[in-house]
Amino acid sequence: MKNAPTAEQVDGPLFKLALLGSLSWLTANQEEVNRLNVFPVPDGDTGTNMLLTLQSAVEDIRDSDAAEISKIAALAAHGSLMGARGNSGVILSQIFRGFAKHVQGKSALTPEELADALEEAANAAYRAVIKPTEGTILTVAREAGRAAKNAARQPDASVNTVIRAASRAAKTATDKTPTQLAILREAGVVDAGGFGLQVIFEGFLKTVEESEDAAPLPPVTAGRAAAAQRNLELPEEGWGYCTEFLIEGGGMNVGEIRDTIAGMGNSALVVGDEDLIRVHVHTNEPTAVLAYASGVGNLSRTKVDDMSKQHRVILQDEAEPESHRNGSQSKAAPTRPNGIGLVAVVAGGGLTEIFKGLGVDAVVEGGQTMNPSTQDMLKAVESAPYSEVILLPNNANVVLAAQQVLELTQKTVHLIPTHTVPQGIAAVVAFNPQKDATANLEAMKGALGQVQTIEVTHAVRDSRANGVAVKKGDVIALTNDKLKHSGGDYGSVVTLALKDLKPEEYELVTVYRGKGAGDKDLKVLTEAIGRDFPGLEVEVHDGGQQHYPFILSVE
Amino acid sequence: MTAASSTTRSSSASSNPALFKVVTDSTADLPRAWQERYGIEVVPLKVIFGQETFRDGVDLTNDQFFERLEGAQQLPTTSAPSPGDFAEVYGRLAKECDGVVSIHIGSNLSATCEAARLGAESVEGLDVRVVDSQSTTMTMAFLCRVAAESPDLETAVLRCEERVPKLGILALLDTMRYIQMGGRISKIQYLLGSMLDVKPLLKVEHGEIKPLDRTRTRARAIAGMVNRLQEEGPLESLAVMHGSAPEDADKLRAELAGAMPGMEIETGQIGAVLGTHTGPRALGLIYVKK
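Line by line, the protein sequences give chains P and R.
Per this note's numbering, numbering of the first sequence is gapless, rising by one per residue and ending at 555.
Per this note's numbering, numbering of the second sequence is gapless, rising by one per residue and ending at 290.
Just so you know, the hints here were simulated from the structure itself, not pulled from any lab data.
This list has only true hints and no planted wrong ones.
Keeping only pairs whose Cα atoms sit at most 27 Å apart, straight-line, the calculated DSS-like set for lysine-lysine is: (1) R:Lys-203 <-> P:Lys-356; (2) P:Lys-445 <-> R:Lys-203; (3) P:Lys-435 <-> R:Lys-290; (4) R:Lys-210 <-> P:Lys-356; (5) P:Lys-435 <-> R:Lys-166; (6) P:Lys-502 <-> R:Lys-251; (7) P:Lys-435 <-> R:Lys-289; (8) R:Lys-210 <-> P:Lys-445; (9) P:Lys-435 <-> R:Lys-203.
With the Cβ distance kept under 7 Å, some of the chain P side facing chain R (calculated, not the full set): (10) Ile-354; (11) Glu-507; (12) Leu-508; (13) Glu-555.
Beta carbons are placed, not taken as given, at the ideal position from N, Cα and C, and that holds for glycine.
Let the hints inform the model, and build the full structure from the sequences given.
So, in structure tokens, the structure goes:
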């Protein structure tokens, strides 16, 4: 900040300021983004997801005074990947990743290079998504990239003109999203993820325009500034090099080695036994650490400054008991014959108990109202006492973030893209610890098709979706994630939803009761089912989920 | 008595074949007709409801038992016959024949085999061969039939021992509650502790209870049983057993008859001792592989 950056080039410090500016601008607009959710269900948190993803991106760069844009971009890419939440958040992380990859090795970007990087960022995001959908954040990223390229070709091109063009194109593209997606058109909103990206570009633009005048950074909220200050005092993630390796030797003194290495850096984790020790440390002097360690034993699997792996190792070290480390079996660890662990994303105390009761090793809090980050899921995967893990996101908006976990762990992770809690339960019920992964994945995926989900909640605003008009406060039912019915009370809406499912083909309705459902509500609901569908058995469990008074599983 | 008639048929093989009889326990769910035809002795295990002890299949009928089970505040417990119970039966038989094939519930499921061995030690002049079926219910009855139709004691024991590794049970429980209370669960621990009522499909083979699948609905679970049975290959004998679910057993039998034409399929009801561990509405496919 001392050398107010000119807008001739974007270097590390300016990029850092731009990201901080984007964060504060997105924070200011968070509610607006949330309001744009298509479905009038109370999980409209695209804005929160984008914000948390961006916060995580910025988290790692707050303490960095790197002069090179490549370093700042790499930190942002890593941070956003770890903190990615929701589909838009994951795509945002891929945009950062593409950007970082393109600017690798560069200390500053000319306007032309900046435009190239923005275009490449959008391309990378497209590549990362299996089925790219137009009219989403992807379209907005691409249009911004294109506009940046055009602006950079103009004779008077500057960083400002490039960013301004990108920002304007982002807005235009966002405004057009309803013409590309019928679902947006019907609901009368623009795409929330696209709008989020637009806001980020606007924040970027404000920053470069203000920095040109050497004006101070638009202040982030007081609370956030205080948090940043605390981070500076605790440079937990701020040590220069994440250094990790294995030491193989004989008769090594773990305690002594731990003390020595801990004195050379921060976040030191030195674990193992006299024959094999695993070291993870953040240090400014990796060569000194390695020199010391090579005097103790033979080094292997040495990694220095491997930022993409940094979080994983920390989490793994926290999660795994020491005895796992050198391959010896932990006595306390449960031993499942097939060596496969289960991790599920679940919200609600009752549902958590149900999943655990069915054999799930680790539960990630989240789902309908709060999408967990990639990092939350990674941590749970690492905590499962098995090297092979099946991951169940149990929510359509969590699937993409869960997908990222596969790249971040050395464990073999299989993702079963469950979209609802009943699907997750069906999959877990079908799990058999005697069978290998292939057989289990087939059985579990097969089970998804045998269960139908009805989620019951109240509309949070007037809306139209799937041809269903709803008023704020109406009881609405989503069948397999799609808004299908609305009405005045739980019983009649669920009866309509069940009728649509050909109830004669099913046997059992399991009702997971949420926090908002009273005893009377439950009675009305179960009596309606009993009266209208005498052939269906009804089982009631306390789910404890927020916002959805009832989730029904029909099988 | 009928075993004696078999010995006359085999007189060409042995100049003086010894008379032998077949003994089993109540968990064999031996059809009454077989018991009468072959003169098989059945030693009852015990079911204890609170202060009351009943001899399995003697003091209360199976239907009475299941009725009582469903209404019970506290689940019953079960116990093996005592060595004295066996000594009494063997002592009586010692006067009628020279040898006994005593076919019992698997030694890792019950202490019955051990009681039979101990009981035999106290009886003079009788050659008692205890066969650990490593199984239960109709698989034991199938062994009893094979033994009773054997020409002599040695052949009977041999034929039983050949078949023990080929015995199998596919059991569908309607609820986890009873097997959980019964404690025969070390291998199927993963199925337990759930608040959801899961219907487990178990396999009993080589004396072990193994979990196969768990499902939430009965229709799907029953379909799974038929598929699983077909994976077992050619069968020598087959039975459909149930605990107070005769309609489901009939349906299952009809389905199997269609899927396995020419196969003779027995049906029956499990007794109180097994019922205590499976709970009502359990369904079983009991088979001897070829």
